[in-house]
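Convert by adding 379 to the 1-based position in the sequence shown; the result is the number in our numbering.
None of these hints come from the bench; they were simulated from the model.
The model shown is predicted, which means the values in this text are computed figures rather than measured ones.
Worth double-checking, as some hints may not be accurate.
[To be verified] Per label pair, the in silico range of CB-to-CB distance:
1) Ala392 with Pro486: 15 to 23 Å
2) Glu485 with Glu511: 15 to 23 Å
3) Ala498 with Gly458: 13 to 21 Å
4) Pro530 with Asp396: 30 to 38 Å
Ideal Cβ positions, reconstructed from N, Cα and C, are used throughout, including at glycine.
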Amino acid sequence: MIWLLRHGDAEEAAEDDAARRLTESGERQAEAAGRALEALDAGVGACLTSPKVRARDMARIACRGLGVEVKETELLRGGDFDPQQVAGQASRQGDQAGNVLLVGHEPDLSHAIEAATGARVKLSKGGLAAIEDGTLIALLTPTQLGAIAAPR
380 MIWLLRHGDA EEAAEDDAAR RLTESGERQA EAAGRALEAL DAGVGACLTS PKVRARDMAR
440 IACRGLGVEV KETELLRGGD FDPQQVAGQA SRQGDQAGNV LLVGHEPDLS HAIEAATGAR
500 VKLSKGGLAA IEDGTLIALL TPTQLGAIAA PR
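Please model the entire structure based on the sequences and the hints provided.
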């Protein structure tokens with residue numbers, strides 16, 4: 380399974396777009412995404428992220444509790460990509476077996492979901508999707524992730 384996570388709320392502007400950081404709200408979204416992935420027993424064994432600061436930080440915060448090392452890839456910096464191809468990069472880098480988490484940007488993630496599954500979606504900031512074998516398995520908003528992540 381491939382999980383796709385859009386970076387959370389970020390600063391509106393910075394000297395360089397790639398340097399935009401997560402806001403406090405974005406950091407909370409990242410924490411909730413990580414706890415939700417853990418609660419869902421998502422089996423994430425590898426994480427690849429855009430090198431842009433907001434995505435990289437989203438990935439690092441989300442993966443803290445998962446025990447997964449975050450690796451940057453230019454394939455997620457911006458523009459269309461094939462999720463299967465990018466996920467395959469993780470196994471080529473020797474990451475442990477399991478599902479792959481890709482962290483990036485819009486509209487790239489929604490385009491990738493549509494190309495892989497035919498589903499037309501718009502992934503919200505801090506939102507999470509799961510695809511497997513050409514099927515959209517899950518599409519979760521930050522509010523839903525927060526509910527899943529909440530202690531019971």
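Results of checking the hints against the structure:
Restraint check, alanine 392 to proline 486: a C-beta distance of roughly 20 Å satisfies the suggested window 15 to 23 Å. In this structure, glutamate 485 and glutamate 511 meet the distance hint of 15 to 23 Å, their C-beta atoms being roughly 21 Å apart. As the Cβ distance of alanine 498 to glycine 458 is approximately 20 Å, the hint placing it in 13 to 21 Å holds. Distance hint check: the CB atoms of proline 530 and aspartate 396 are about 36 Å apart, consistent with the given range 30 to 38 Å.
The earlier numbered hints are all upheld by this structure, with none contradicted.
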